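Peer 1: Could you slot chain A onto chain F? The hints should help.
Which chain is which? The protein sequence lines are F and A, in order.
So the first sequence is numbered by the numbering used here: it starts at 1 and just counts up by one.
So the second sequence is numbered by the numbering used here: it starts at 1001 and just counts up by one.
Honestly, the hints are just simulated from the structure, not real lab data.
The structure presented is a predicted model; accordingly, all values stated were derived computationally and were not measured.
Be careful, since some hints might not be right.
Quick list of in silico lysine-lysine cross-link-like pairs, DSS-like style, CA-CA up to 27 Å [said to hold, decoys possible]: (1) F:224 <-> F:113; (2) A:1188 <-> A:1439; (3) F:203 <-> A:1349; (4) F:113 <-> A:1188; (5) A:1476 <-> F:24; (6) F:93 <-> F:119; (7) A:1507 <-> A:1204; (8) A:1204 <-> A:1476; (9) A:1369 <-> A:1349; (10) A:1326 <-> A:1266; (11) F:16 <-> F:93; (12) A:1204 <-> F:24.
Simulated coverage check for chain A against chain F, where a stretch passes if three residues somewhere in it have a Cβ under 8 Å from a Cβ of chain F [claimed, not checked]: (13) 1056 to 1066; (14) 1110 to 1116; (15) 1138 to 1149; (16) 1236 to 1245; (17) 1517 to 1526.
Note that CB positions come from ideal geometry on N, CA and C, so glycine has one too.
Next come the chains, spelled out residue by residue.
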Amino acid sequence: MSATQATVRVFRGDAKGGQEVEYKVPVETGMVVLDAVHWIQQNQAPDLAVRWNCKAAKCGSCSAEVNGKPALMCKSRIDHFPAGEPIHVRPLKTFPIIRDLVTDVSWNYEVNKRIPPFKPREGAARRWMQSDIDRAQEFRKCIECFLCQDVCHVLRSHELKHQFIGPRFLVRIAGLEMHPIDAEDRSRLLKDTAGIGLCNITKCCSEVCPESIHITDNAIIPLKERVVDRFYDPVAMLWRALTGKNGKA
Amino acid sequence: MERYQVHEHDVLVVGAGGAGLRAAIEASALGCNVGLVTKSLLGKAHTVMAEGGIAAALAHVDPQDGWQTHFRDTMKGGSFLNHWRMAQLHAQEAPDRVRELEEWGALFDCTADGRILQRAFGGHTWKRLAHVGDRTGLEMIRTLQDHGVHMGFDVYMECTLTRLLKDGDRVAGGLGYWRQSGEFVLFKAKAVVLCTGGVGKAWKITSNSWEYTADGQTLAYDAGAELIDMEFVQFHPTGMVWPPGVMGLLVTEGVRGEGGVLRNAKGERFMWKYLPEARRNEYAADEAEARRWVEAAVEAKQTEDRRPPELSTRDNVSRAIYTEVKEGRGSPHGGVFLDISYLPAERVKRKLPSMYHQFIELADVDITKGPMEIGPTTHYIMGGIRVEPDTGAATVPGLFAAGESAGGMHGANRLGGNSLSDLVVFGRRAGAGAAAYVKSLAATPRVSDVEIEAEMRAMTAPLERTQGESPYDVHKALQDLMQTKVGIYRIEAELLQAIEELAALEKRAALTRVGGGRVYNPGWHLTRDLQNLIVAAQAVTRSALLRKESRGAHSRLDFPAMDAALGTVNMCVVKGVEGMRVAPTPLPQMPAELKALFEPAKELVR
Chain F
1 MSATQATVRV
11 FRGDAKGGQE
21 VEYKVPVETG
31 MVVLDAVHWI
41 QQNQAPDLAV
51 RWNCKAAKCG
61 SCSAEVNGKP
71 ALMCKSRIDH
81 FPAGEPIHVR
91 PLKTFPIIRD
101 LVTDVSWNYE
111 VNKRIPPFKP
121 REGAARRWMQ
131 SDIDRAQEFR
141 KCIECFLCQD
151 VCHVLRSHEL
161 KHQFIGPRFL
171 VRIAGLEMHP
181 IDAEDRSRLL
191 KDTAGIGLCN
201 ITKCCSEVCP
211 ESIHITDNAI
221 IPLKERVVDR
231 FYDPVAMLWR
241 ALTGKNGKA
Chain A
1001 MERYQVHEHD
1011 VLVVGAGGAG
1021 LRAAIEASAL
1031 GCNVGLVTKS
1041 LLGKAHTVMA
1051 EGGIAAALAH
1061 VDPQDGWQTH
1071 FRDTMKGGSF
1081 LNHWRMAQLH
1091 AQEAPDRVRE
1101 LEEWGALFDC
1111 TADGRILQRA
1121 FGGHTWKRLA
1131 HVGDRTGLEM
1141 IRTLQDHGVH
1151 MGFDVYMECT
1161 LTRLLKDGDR
1171 VAGGLGYWRQ
1181 SGEFVLFKAK
1191 AVVLCTGGVG
1201 KAWKITSNSW
1211 EYTADGQTLA
1221 YDAGAELIDM
1231 EFVQFHPTGM
1241 VWPPGVMGLL
1251 VTEGVRGEGG
1261 VLRNAKGERF
1271 MWKYLPEARR
1281 NEYAADEAEA
1291 RRWVEAAVEA
1301 KQTEDRRPPE
1311 LSTRDNVSRA
1321 IYTEVKEGRG
1331 SPHGGVFLDI
1341 SYLPAERVKR
1351 KLPSMYHQFI
1361 ELADVDITKG
1371 PMEIGPTTHY
1381 IMGGIRVEPD
1391 TGAATVPGLF
1401 AAGESAGGMH
1411 GANRLGGNSL
1421 SDLVVFGRRA
1431 GAGAAAYVKS
1441 LAATPRVSDV
1451 EIEAEMRAMT
1461 APLERTQGES
1471 PYDVHKALQD
1481 LMQTKVGIYR
1491 IEAELLQAIE
1501 ELAALEKRAA
1511 LTRVGGGRVY
1521 NPGWHLTRDL
1531 QNLIVAAQAV
1541 TRSALLRKES
1551 RGAHSRLDFP
1561 AMDAALGTVN
1571 MCVVKGVEGM
1581 RVAPTPLPQM
1591 PAELKALFEP
1601 AKELVR
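Next comes chain F alone, as it looks inside the complex (with noise of 0.2 Å):
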């Protein structure tokens, strides 16, 4: 890459095929990504297909894999790649492809409608502390960019969609499960729909992750405790039955 010249090869396709298109694009100081195909739309390409919001990450609009690995194109610096070298940008592989970096992400949107809302218990006071909710306002952090998504081998590789809600979800359910005063009951749906055995905490999810939310640390270990807890605790499961509890606070 010239100082002033980059050159970027953008996946033009659909679901029938495609491949990677080179365009030459002038840099800027500051440069992302997304700046580029913004370039290539305007100069050279009007109809190339790409979503986008804020252009800020904080709307978690534009997922794509970039140089192979999934990334925000509003956060990826041009100046970050190697010099010289072609930048390659592709859309994400866990979902169904539309055209060039827009794929069909509807499945997570489905996956969202099963999971049991918030419940707060009943006559509870709506005061606490801020030490908390510190874990669950982490949670909530999330933009739904669905990078976690494409990037887990659960959905990516071995295409368990059908068995497996993926880290974004359970990050949602830890969300709920530990605000202070949720009454729900999610541990069959984790075990069960959710699947939250298939995850075998490789934790490629954490990495990608724009917010650096410690998804597999904070989230998706302690809901596993939670569902061990549940189904595979003797003497947690006799406490249970004597008491009627169900084990949240």
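Peer 2: Chain A alone, transformed into the frame defined by chain F:
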């Protein structure tokens, strides 16, 4: 005629930001069959980008606060051009709407005694903004989204509505297209609620996303509804100015709310120079008092000290920054310096995490160690579709509007934090208004095949032309024009030139051409968005020409003072047989019991 899908609903809500989601939730709760159409995926609307907080007189930090003070601040901030009834409902109902969000699972930052924490913002007398760090909008949209998906309404994602259909004078539905397939879709509906946001993509430097293309304003205008106050466009004082790719990106007012200081290239803290005389006593007298106020704010303690001058209203701060730069005291990249690095780094990272990341990742600036460079950016339009305050009803039967696409609530200038509260207060009211209207209807309105066919032909024309300009080129010309001639400061000669140039751009936009088919084709989508933007740009420019005074966000170099007579009218835009008509209409007058909340001699300055 091309075949198309048909969906039928009692209420069709267009736009799935805070207002649209809240409207859909309300109409559903009242027993209506509701459809919600969004141009983007669910949860990506502009609300997600709101950072600083939601204004509501909860009085958790400053117990002196109450709806009357919030109402007064809002009217003063809007230079008394607001519809008094909207400002009143907003101030009275915002606390309940915030508590409702909490009831639906939102987790706001907390006070030491475990209640919703509130921070200071420009123009608000007391600390009033409930917030979650600097991602309040995300918290709000996700809460509404997750609550809404269990209400049973249908969500149509990546679908753009291009025309409202009417049966006689009543709304009967709308025609749109799927972005993913390019196929058309007809929505038959007894009522339509427009919650489509703003018009900011008509300017070059903007904090707005591709979505902000005046869709609702244009749909309503074409259907015969009135638009008001379109000359009032808010230029947010603090957008990023460097590097070029992020120019215009929002820097939350929360930075100033947390104690951020503005300085020019000479190191002068210039905001004191620009405080309006009538408001000067609301602000700290010197650096020492401002500093004591910040120290109290950091600890969420009450204080007798007055707030720093940086917390003046947005219109005023934007003009101040513009003037500093114009007079040669700007920063290297044409802005001024905003500095919060004098506070402990951990505090800054905790309260402003996304600002910290935004600057370090996109501009190589560590805001805990040094100042940011910032300048004004097009952010929000105060004007919009004229609505009846209690119900959100537009001037066309069956049409409703809420949020940024509606006008009247904010007058000549919006206070920061009053937008998120506007969305939920009036989203709920518009949803209820539409539900009541639907129940009052005797017969289901019918749509016309002739109108549908005409709209489909107009939409596909750019794909069928063999010659024509790229819509991107016309869009760029529009943005350059509005940026240079209809910006923060306006003058008659330039407004007249802009009107002429807009007429030429309108002709060019009608003849654009794109290739590439109908499947997810952003160039094709822009051909229509661009036409909407030009309608809005014309409404802004023509209204600005008629308002021969400076008030709120509208500043005329040739008329630098307020004109009392113009303080009693809204500029009103309607589509006439011969084209756009703009004329003043009387501003509804505040009843005596609300007037009594102000000190007549000092505050009721029009």
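Peer 1: Within 27 Å, alpha carbon to alpha carbon, are residue 1188 (chain A) and residue 1439 (chain A)?
Peer 2: Given pair residue 1188 (chain A), residue 1439 (chain A) holds - Cα atoms ~16 Å apart, limit 27 Å.
Peer 1: When you check the alpha-carbon spacing of residue 16 (chain F) and residue 93 (chain F), does it fall within 27 Å?
Peer 2: holds, 15 Å
Peer 1: Hey, residue 1204 (chain A) versus residue 24 (chain F), does the alpha-carbon distance stay inside 27 Å?
Peer 2: Within the cut-off at roughly 24 Å; holds.
Peer 1: With a cut-off of 27 Å on the C-alpha distance, tell me whether residue 113 (chain F) and residue 1188 (chain A) pass.
Peer 2: holds, 26 Å
Peer 1: According to a criterion of three or more residues whose C-beta lies within less than 8 Å of a C-beta of chain F, is the region 1236 to 1245 of chain A covered?
Peer 2: holds (count 4)
Peer 1: Are there three or more residues in the region 1110 to 1116 of chain A whose C-beta lies within less than 8 Å of some C-beta in chain F?
Peer 2: With 4 residues in contact (Cβ-Cβ under 8 Å with chain F), the coverage given for the region 1110 to 1116 of chain A holds.
Peer 1: Verify the proposed pairing of residue 203 (chain F) with residue 1349 (chain A), using a straight-line Cα cut of 27 Å.
Peer 2: Distance ~25 Å between residue 203 (chain F) and residue 1349 (chain A) Cα, so the pair holds.
Peer 1: Do the alpha carbons of residue 93 (chain F) and residue 119 (chain F) lie within 27 Å of each other, as the hint requires?
Peer 2: Roughly 35 Å separates the two Cα atoms, so the pair is violated.
Peer 1: When you check the alpha-carbon spacing of residue 1369 (chain A) and residue 1349 (chain A), does it fall within 27 Å?
Peer 2: Answer holds: residue 1369 (chain A) to residue 1349 (chain A) is near 11 Å, not above 27 Å.
Peer 1: If you draw a straight line from the CA of residue 224 (chain F) to the CA of residue 113 (chain F), is it 27 Å or shorter?
Peer 2: It holds: about 21 Å lies between the C-alpha atoms, which stays within 27 Å.
Peer 1: How does the coverage statement for the region 1056 to 1066 of chain A fare against chain F, requiring three or more residues with Cβ below 8 Å from a Cβ of that chain?
Peer 2: violated (count 0)
Peer 1: Tell me if the straight-line CA distance from residue 1507 (chain A) to residue 1204 (chain A) falls inside 27 Å.
Peer 2: Holds, at roughly 20 Å.
Consistency note: the structure conflicts with the earlier hints numbered 6 and 13.
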